Amino acid sequence: MTDVTHFRDEKTGLLLASDGTPLKTKLRQSLKTSRRRAFMLVAPLLLFIMASFVIPILGLLWQGVSNATYEDSMPRSAPIMRAWDGSSPPSEEMAAAIVADMIDARKAKTIGKVATRVNREESGTRSLFTKTARRAAKMEAPFVAALEKADKDWANIETWRAIKIAATSLTPAFYAAAVDMKYTADGEFVEQSEERQIYVSLFVKTILVAGGVMLCCLLLGYPVAYLMAHLPAKTSNMLMILVLLPFWTSLLVRTTAWIAMLQAQGVLNDLFVFIGITSDDARFSLIYNMTGTVIAMTHILLPFMILPLYSVMRSIPISHVRAAKSLGATNWTAFWRVYFPATVPGIGAGGLLVFILAIGYYITPALVGGQDGQLISNFIAYHMQRSLNWSLAAALGGILLAIVLFLYWLYDRVVGIDNMKLG
Amino acid sequence: MSSLPNYTTTGQRIWHYTFLTICALIFVFLITPILIIVPLSFNVEPYFSFTEGMLSFDKEAYSLRWYEDILNNGMADSSQPKSWAMFWDWLWKALSPFHTATPGFFTDMWENAQWVRAMKNSFFIGFFATIIAVALGTLAAIGLSRSEMPYRGPIMSVLISPLIVPLVVTAAGMFYFYSQDLNPRSWLLGMESENPWILAQTYLGVILAHAALGTPFVIITVTATLVGFDKSLVRAGASLGAGPAKTFWKIQMPLILPGVISGGLFAFITSFDEVVAVLFLAGPEHRTIPRQMYSGIREQISPTILAVATILVIISILLLVVLELIRRRGERLRGITAT
Amino acid sequence: MKLTTVVYAASALALSAGFAHADNHSNSDVKKALMDAQAAITKALAAMGGDAMAGGAMPSYEYPSLDGKQVTVVSWGGAYTKSQVEAYHKPFIAGTGAKIISEDYNGGLAEIKAQVEAGNVTWDIVDVELSDAVRACDEGLAEEIDMSILPPAPDGTSAMDDFIAGTLDVPCAVPTIVWSTIFAYDKSKMPNGPKTISDFFDADAFPGKRGLRKNPKANLEMALIADGVAADEVYDVLGTDEGVDRAFAKLDTIKDMVVWWEAGAQPPQLLADGEVAMTTAYNGRIFNAVAAEDKPFEIVWDGQVWDLDLWIIPKGAKNKDAAMQFLAYSTSTGPLAKQASWISYGPTRKSSSPLVGSYDGKPDLKMGPQMPTAPANFTNALQNDFEFWADNADELNERFNAWLAS
Chain E
1 MTDVTHFRDE
11 KTGLLLASDG
21 TPLKTKLRQS
31 LKTSRRRAFM
41 LVAPLLLFIM
51 ASFVIPILGL
61 LWQGVSNATY
71 EDSMPRSAPI
81 MRAWDGSSPP
91 SEEMAAAIVA
101 DMIDARKAKT
111 IGKVATRVNR
121 EESGTRSLFT
131 KTARRAAKME
141 APFVAALEKA
151 DKDWANIETW
161 RAIKIAATSL
171 TPAFYAAAVD
181 MKYTADGEFV
191 EQSEERQIYV
201 SLFVKTILVA
211 GGVMLCCLLL
221 GYPVAYLMAH
231 LPAKTSNMLM
241 ILVLLPFWTS
251 LLVRTTAWIA
261 MLQAQGVLND
271 LFVFIGITSD
281 DARFSLIYNM
291 TGTVIAMTHI
301 LLPFMILPLY
311 SVMRSIPISH
321 VRAAKSLGAT
331 NWTAFWRVYF
341 PATVPGIGAG
351 GLLVFILAIG
361 YYITPALVGG
371 QDGQLISNFI
381 AYHMQRSLNW
391 SLAAALGGIL
401 LAIVLFLYWL
411 YDRVVGIDNM
421 KLG
Chain S
1 MSSLPNYTTT
11 GQRIWHYTFL
21 TICALIFVFL
31 ITPILIIVPL
41 SFNVEPYFSF
51 TEGMLSFDKE
61 AYSLRWYEDI
71 LNNGMADSSQ
81 PKSWAMFWDW
91 LWKALSPFHT
101 ATPGFFTDMW
111 ENAQWVRAMK
121 NSFFIGFFAT
131 IIAVALGTLA
141 AIGLSRSEMP
151 YRGPIMSVLI
161 SPLIVPLVVT
171 AAGMFYFYSQ
181 DLNPRSWLLG
191 MESENPWILA
201 QTYLGVILAH
211 AALGTPFVII
221 TVTATLVGFD
231 KSLVRAGASL
241 GAGPAKTFWK
251 IQMPLILPGV
261 ISGGLFAFIT
271 SFDEVVAVLF
281 LAGPEHRTIP
291 RQMYSGIREQ
301 ISPTILAVAT
311 ILVIISILLL
321 VVLELIRRRG
331 ERLRGITAT
Chain A
1 MKLTTVVYAA
11 SALALSAGFA
21 HADNHSNSDV
31 KKALMDAQAA
41 ITKALAAMGG
51 DAMAGGAMPS
61 YEYPSLDGKQ
71 VTVVSWGGAY
81 TKSQVEAYHK
91 PFIAGTGAKI
101 ISEDYNGGLA
111 EIKAQVEAGN
121 VTWDIVDVEL
131 SDAVRACDEG
141 LAEEIDMSIL
151 PPAPDGTSAM
161 DDFIAGTLDV
171 PCAVPTIVWS
181 TIFAYDKSKM
191 PNGPKTISDF
201 FDADAFPGKR
211 GLRKNPKANL
221 EMALIADGVA
231 ADEVYDVLGT
241 DEGVDRAFAK
251 LDTIKDMVVW
261 WEAGAQPPQL
271 LADGEVAMTT
281 AYNGRIFNAV
291 AAEDKPFEIV
301 WDGQVWDLDL
311 WIIPKGAKNK
321 DAAMQFLAYS
331 TSTGPLAKQA
341 SWISYGPTRK
351 SSSPLVGSYD
361 GKPDLKMGPQ
371 MPTAPANFTN
381 ALQNDFEFWA
391 DNADELNERF
401 NAWLAS
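Protein chains in written order, with my numbering: chain E, 1 to 423; chain S, 1 to 339; chain A, 1 to 406.
Next comes chain E alone, as it looks inside the complex:
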């Protein structure tokens, strides 16, 4: 018994560790140590992912609200233009600053960038800028008149309003443009003119395609998963190879394969002509349109649906269905009321995964989508690489990311990321 009292503090009656500190503290310390140890194991990767992945994406999002092209190249006129009210006639001060900036920007060969930036706010101002800049060095006061003499568009207040927007570096203009709105010099949002409204419908189209692909995958994946889950292990392992082979085959190989399958002289159309479904001169257009995109994406994403469904179905005891049947349920009722509800977690997991992957698809639509099979990712890439409107690309990417992160959160709630399994 003396041993026990030896480990007890005489005043407080708390248990003590061998070195005399209270056991509670000691335990807390050791827990702290092991927590720190566990965290130290994760820390390198966390740092790596932060630096190479999270920060770049945050940087991209920042691009979507900030564009300093004008301010960097036209430092004199930027603050003056920002201070302008946007409705009174352009002042001499504004004009003088712009002319002075233009001379410098032309020398630094950045005038093209500035012109492009302003042109995004008011179409047609690009050549106005480059043209005016060429003559800027010879201009004399009064500059407002000199500008208007150089090109009559300078008399148009819209030109000046466009410059005011471009001169503001921190701007919601790009996010507005990404949802087909226009941010005006008065700080209001108005609808874009009709022929320029493309992004909202594009987002809707992307979501519909992702939904369609998800449904197709479910329709095709459910029976296959069911079959494999109810076959003896040997046979189902054989069939599993047929599912895993496409899963392990390069995305580009599969996309290429679908080009060979679906084109007008392709295997499928040849088959249709041979069977007599269509004639040689009326072959179906299955590729370079939305049909091609959906078929190829369904094929590529199908394994992502089958695998979670299969693992859920395997765990459903067959006795449940038998019990239902023995209680008098028909085959259909037993399936629909007993079996199907048990597979809903699999449907949720597979469906969400397919949807998340489909909504960001880029390569397949780019290669087999033609003009109308392009999705939002393709436009993000277009603005990154061709039109060089990085801020608009960033804004579109930000919206896409928000949608995906919402679905990811949903996935975590429904399935739990811990339960994500592969192959």
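Hints in this document: simulated from the structure, not taken from any laboratory.
Warning: the hint list may mix true and false statements.
[Stated by the list, open to error] Straight line, CA to CA, 27 Å or less: simulated DSS-like cross-link-like pairs of lysine-lysine: (1) S:Lys59 x A:Lys362; (2) E:Lys109 x E:Lys152; (3) E:Lys109 x A:Lys315; (4) E:Lys131 x A:Lys82; (5) S:Lys120 x A:Lys90; (6) S:Lys246 x E:Lys32; (7) A:Lys315 x E:Lys131; (8) A:Lys82 x S:Lys120.
[Unchecked claim] Which chain S residues face chain E? A few, computed with CB under 8 Å, are given here: (9) Phe19; (10) Phe29; (11) Ile34; (12) Ile36; (13) Leu144; (14) Met149; (15) Pro150; (16) Ser157; (17) Leu306.
The structure presented is a predicted model; accordingly, all values stated were derived computationally and were not measured.
Positions of the beta carbon are idealized from the N, C-alpha and C atoms, including for glycine.
Given the structure of chain E, go ahead and fit chains S and A onto it with the hints provided.
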């Protein structure tokens, strides 16, 4: 499932066979496109479709020209003499530290052929990306599977997110960020640095990007093997006097090895198959096989792509076999009987 | 052989005439340039009876040693890149020991601009259209080229005199070929095929899908010619808002049946696969499908829009020196002539013309009549107005993309 009991009704029989037919058709849908490219890659004509000659099994309609093209495309002179003997000689001299490779067909091919260069790049980038992903991912997975791990959920979500975030967004962000000067002199001290550290269009940039994309797979597979891991084994080791390093290498590592290997395979395949990040981040000299295929499909559609695709299909079959073997070994080791 | 020389002399004449047209509102030296060109052509005609050999021995070249250096050469892919690989890359690699990385793109300045703006230029030398060359030079995207590095013709004529007059006027670019946007169809499927550019827009008489380049360039011009605008008035009309509306309205009539292509290799593929009944294309690609693959394609030259391709070196290119060497080599007399025996694009050096013979491996297939500038093909032709496109490309691209998406 395959054989029906005697008491089934005709209706059930019809339904049963309809169901089997539907499933067969879905398997056909899954597999046919992958198999169809194999005969097409032997087409003698430079197009993607079956010719009449091919359908009537005319020998003349088939050729190996696209496979030769894989090796020859980009070479300075593909008409130089070549033979197996010369190949072995070249290989020996290229590998041996005491010789320099003799100039000729094979040196030319190794140095200049576009697909060969793409293959070298793919393996180089894939190898280092996998190493980084496996090393960091395995450590993190061990940490994450400890019950004491703080903020487990949020951290896991961040670490898995490269798998979820659309590749275009990832690649665009990386392109923008990696194009900046990352030399601390410039972003900490605000000085114009003389040697800017720009990761875009370098091997390192692509490798880091691919490593980030590959780590979620390592975490998922390694965590999965740790689920069935009996912690008392580590304690037993420790109580017998083994240090943490020793218990890790001697006890934990052999058990999670299958997960590490299959995670590594996933990471490698991710890098090997990845094209969006390469499109944004890589320069022309860092082109990988999928990047070369991508521009091939977009710009100069030739059955060479199909020949490469056929080779890749064979590689993925081999991978599948390896993975299956690992899975079985892992289950045996952890005492789970194969189901 | 004599015939080819005549054809080439004639094409050179037509070419310089085309330049005169393009330059006449900006360049006051045009008359002089034209006279120079005519003088050169007279000279070429005089030399015709001489010792020039069709497809004969190529002039020798002194290769610099570039061991361990590399050049990234960017061009348009497919048959065109192949012709360059055969004529320029292979001998250059063998002669200098340099490595060449060949990259494909689909035209435009976007990639170059992105690289220059990001301060990380990976392309060393790029094959661009004339309007893009002018724009790249204006916007500081291309290095200026010291034209004295261009080797003289084998007979000693200086490069300045050897290149067709006016073509060396852009200080950052050296021209290589004359090419053209035409339209083509499959003879075996349409025995009584279209004859004029108007037929391309006539969906009733010639049903079936149309292939068009996903770019306003050449499409707007062709639409206007088909709509009844004379070739020499096209750019005057296109210079007005009503003219642009008119061109888009004409394109609207076939918009539903258009398959858009971007890469030059796609049109012959689209025709071969039966995806389209007729398609616009770069003339060399169609020629190549006919010559190398025996495809029954027919080119309609009416309403062709021809242009130059030039090398530019992006500003800040990492391997600028090796790229300059490559540029000098590839635009010398021999390689330019050899290039034309792989694809039907005319060389821009006068001294190369007489060396052009027949298609590689097919001695009976003379290249001369296949060129866009051959007299029979040149009756209703339009030169792409580089000034117009240099000024308006951005606005028209933007409008074109909005029109496509709507």
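To see whether the hints hold, each was checked on the structure:
1. Simply put, Lys59 of chain S and Lys362 of chain A have alpha-carbon atoms about 25 Å apart, close enough for the 27 Å limit, and the pair holds.
2. Taking the CA atoms of Lys109 of chain E and Lys152 of chain E, the gap is about 24 Å. The hint holds against a cut of 27 Å.
3. Of the supplied pair hints, the one linking Lys109 of chain E and Lys315 of chain A holds, its CA atoms being roughly 12 Å apart against a limit of 27 Å.
4. At roughly 40 Å between alpha-carbon atoms, Lys131 of chain E and Lys82 of chain A are farther apart than 27 Å, so this suggested pair is violated.
5. Note on Lys120 of chain S and Lys90 of chain A: the hinted pairing holds, with a Cα-Cα distance of about 21 Å set against a maximum of 27 Å.
6. Using a Cα cut-off of 27 Å, the hinted pair Lys246 of chain S and Lys32 of chain E holds, with the two alpha carbons roughly 23 Å apart.
7. With a C-alpha separation of about 23 Å, the suggested pairing of Lys315 of chain A with Lys131 of chain E holds against the 27 Å cut-off.
8. For the hint pairing Lys82 of chain A with Lys120 of chain S, the CA-to-CA distance comes to about 23 Å; that is within 27 Å, so the pair holds.
9. Look at Phe19 of chain S: its Cβ gets to within about 7 Å of chain E, closer than 8 Å, so that hint holds up.
10. The beta carbon of Phe29 of chain S is positioned within 8 Å of a beta carbon in chain E (closest approach about 7 Å), and the interface hint is therefore held.
11. Given the 8 Å rule on beta carbons, the hint for Ile34 of chain S holds: about 6 Å separates it from the nearest Cβ of chain E.
12. Taken as an interface hint, Ile36 of chain S checks out: its beta carbon lies about 6 Å from the nearest beta carbon of chain E, inside 8 Å.
13. Taking 8 Å as the C-beta cut-off, the interface hint given for Leu144 of chain S holds, the closest approach to chain E being about 6 Å.
14. For Met149 of chain S, the shortest C-beta to C-beta distance to chain E is roughly 4 Å, which falls under 8 Å, so the interface hint holds.
15. This hint holds: Pro150 of chain S has a C-beta 5 Å from the nearest C-beta of chain E, less than the 8 Å allowed.
16. At a threshold of 8 Å, the smallest CB-CB gap from Ser157 of chain S to chain E is about 6 Å, leaving the interface hint in force.
17. Nearest Cβ of chain E to the Cβ of Leu306 of chain S: about 7 Å, under the 8 Å cut. The hint holds.
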